[in-house]
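Going down the list, the sequences are from chains A and B. For the first sequence, my numbering begins at 7 and goes up steadily by one. For the second sequence, my numbering begins at 7 and goes up steadily by one.
Remember, identical chains collapse to one label, so a pair may be satisfied in a single copy or spanning two.
Straight-line alpha carbon distances no greater than 20 Å define the calculated EDC-like cross-link-like pairs of lysine to aspartate or glutamate that follow:
#, residue 1, residue 2
1, Lys-61, Asp-34
2, Lys-73, Asp-35
3, Lys-61, Asp-35
4, Lys-61, Asp-28
5, Lys-15, Asp-388
6, Lys-15, Glu-396
7, Lys-15, Glu-325
8, Lys-61, Asp-78
9, Lys-15, Asp-395
10, Lys-15, Asp-34
11, Lys-61, Asp-29
12, Lys-15, Asp-317
13, Lys-15, Asp-35
These aren't lab readings, by the way, just hints derived from the structure by calculation.
Protein chains: 2
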Amino acid sequence: MPIDRAACKALDHADPLARHRDDFTLPDDVVYLDGNSLGALPRATAGRVAACIAKDWGQDLITSWNKAGWIDLPRRLGDKIARLVGAAPGEVLVADSTSVNLFKLLAAALALRPERRTILSDTGNFPTDLYMAQGLAALRGAGHVLRLAEPADVAHSIDGDTAVVMLTEVDYRTGRRHDMRALTAAAHAAGALTIWDLAHSAGAGPVDLAGCGADFAVGCGYKFLNGGPGAPAFLYVPTRHQDAFVQPLSGWLGHAAPFAFEHGYRPAEGVSRYLCGTPPILSMVALECGLDTVLAADPAALRAKAMRMGDLFITLVEERCAGHGLTLACPRDATTRGSQVSFRHPQGYAIVQALVARGVIGDFRAPDILRFGLAPLYLRYDDIWRATDELAGILATRAWDQERFHRRAAVT
Amino acid sequence: MPIDRAACKALDHADPLARHRDDFTLPDDVVYLDGNSLGALPRATAGRVAACIAKDWGQDLITSWNKAGWIDLPRRLGDKIARLVGAAPGEVLVADSTSVNLFKLLAAALALRPERRTILSDTGNFPTDLYMAQGLAALRGAGHVLRLAEPADVAHSIDGDTAVVMLTEVDYRTGRRHDMRALTAAAHAAGALTIWDLAHSAGAGPVDLAGCGADFAVGCGYKFLNGGPGAPAFLYVPTRHQDAFVQPLSGWLGHAAPFAFEHGYRPAEGVSRYLCGTPPILSMVALECGLDTVLAADPAALRAKAMRMGDLFITLVEERCAGHGLTLACPRDATTRGSQVSFRHPQGYAIVQALVARGVIGDFRAPDILRFGLAPLYLRYDDIWRATDELAGILATRAWDQERFHRRAAVT
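Starting from the given sequences, assemble the full structure and let the hints guide the process.
The following block contains the structure:
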């Protein structure tokens, strides 16, 4: 018998994560399925940032670099993220943007494989990762090539010239989740290194970088980590690689003694050498609030709920939207799917706009993908009901046909 | 006859900039002479950031990238800074940190002078600039050399191998101000390009990048621009250089069509190609409040007041602290001095700590420099009186000898 709304509400009633929704400030009338683009606002953030501004900056001024621990934020937040991604303390750092951090790590990986020329990625990677690799290769001028395989063909595309396999674990459009353990093993078997982009993974469930033997990783602070718009990013360098290379964005905060103001760069020991310039403190403070929301939850429960919500979403769409041209764009198997579902439709853009007008915020990704993020920390099963109910209504009445919206695509 | 406190108060009474102090929230009992390290808190910032968090992020969520104009902030703030540094609209961008921006510009400068191998800087440059140059040179592996001249010898050190002259206009320790016009002309006469770091210039008085013919510039958002701790930085690329090079930190926001999600990087036209990753919005919003405080004042008046405050500081120290081992470390001539004064003393560190304990916040810079920033937008001449009065008292009683402080050096 078909699932009804009461069944969804019953799932919410039994949800062990339900109470975490209270850690967030979400508009009452909105079903927010874009937490994989910009995570929701934690309830603690406004107060913490306000105190940072009024007290730490306004009253204590420059002394807050030490008194309020600003100088320690990149490492302290990094250690918090380490608990979410299967890393040890001192192996993760918060700094800069995902793009900039990727540049540092890619330079390191290429230096550690000096005889090899191929950077292998896939066609599902988020473009900025590809662009940064192109920029680094052009700057090096040493004949490095970025080669793209189809996601399913990555393992077979690794060869003896592959210096590094650079992948985003979860595809930002299709939600397809790579097998980090198997691909890392395949890379290592061929003598290559790995860089994993955890943009759509960190904060949505367990990640086991150390267990998978990953060599490097980057990730985003503003998606499932709820750090706020454009929150600083993180990077992971395991202890075994930390002192093997001096990364090229060698700014003063990565110096062994930043306050000695020496003329020559001497890299700090450990992961700190991956710091560059002075970090944006207000955004760092907000990020810490986001991290605390995630750390309060059981990662396995987050993953289980995301899988279940995804299954529910797909089932409801297939029950209630059949015959209207939607096709599944994400894996049906929840174990190979990230915290999102995706569908294709020739009128995808207009349909997403019609949903937004009805308070269901999803995202469109060219050319034809409707993308719905499933943040298990604050979404309810009833939200899935409401989203698919509105979607069914729009499709049945062709409401998208009448809608006229002019909205530029939002930042992923 | 010696200057007394009444004379200082009279200067405040006649100060055309006096009303701008009300634009800031400063603790009553503090004389804040570290605005060249972390600018004071503008009165508008707390409210603007709070609204961004509660409304734009919390309620409007992902739609704020367009609705609240987040996506336009790098250009919009850049255009505001352009008015402060003598640039045209569309020539300045806010992004990343000063260090990261310097890397982009240095890569551009070297590419525009492919036959030359020397990056010329001086021994007074802030270390991160030197470190970034070292990092880029090592990464390029093309034999580029960073050569340091004494500040007074820069002009004579430019030669036919000099690709770029990379200087910070105002020395972070001594306050010595380079002649941007003359040095840029000297560089150009030798076929070299220039990169100016305006960290201690922007917001403290007029800067005339276009008038001086500067090729590139970077600057800091958290000093005289009052953008908050670790505020994003800016960069300047004049129209004539914008499309000549594809900078290597080619992240998605610098793409010609970021939301087309193409696999290949195509640089945006104009200065936007110098964008990289997603910017930290909360810190950007705070920076805009800081910029607005500066834009409300007349740059020439700012410069005149900073010069006069510096002259007053030096005069009072020489009248009231004579015989206690302080020597002037900054230029006596205000026209070659930035918005700060500096002195040397063998016990500089302890003396600065004693001042801080008395509510006079200056800074110590190794090995022996006492540094006092003179932010003309919110300082009073009476603050100069109080600072020098405390300094005289500490020196006369050798109070620093009894003080025991353990404070790590603060971020410059």
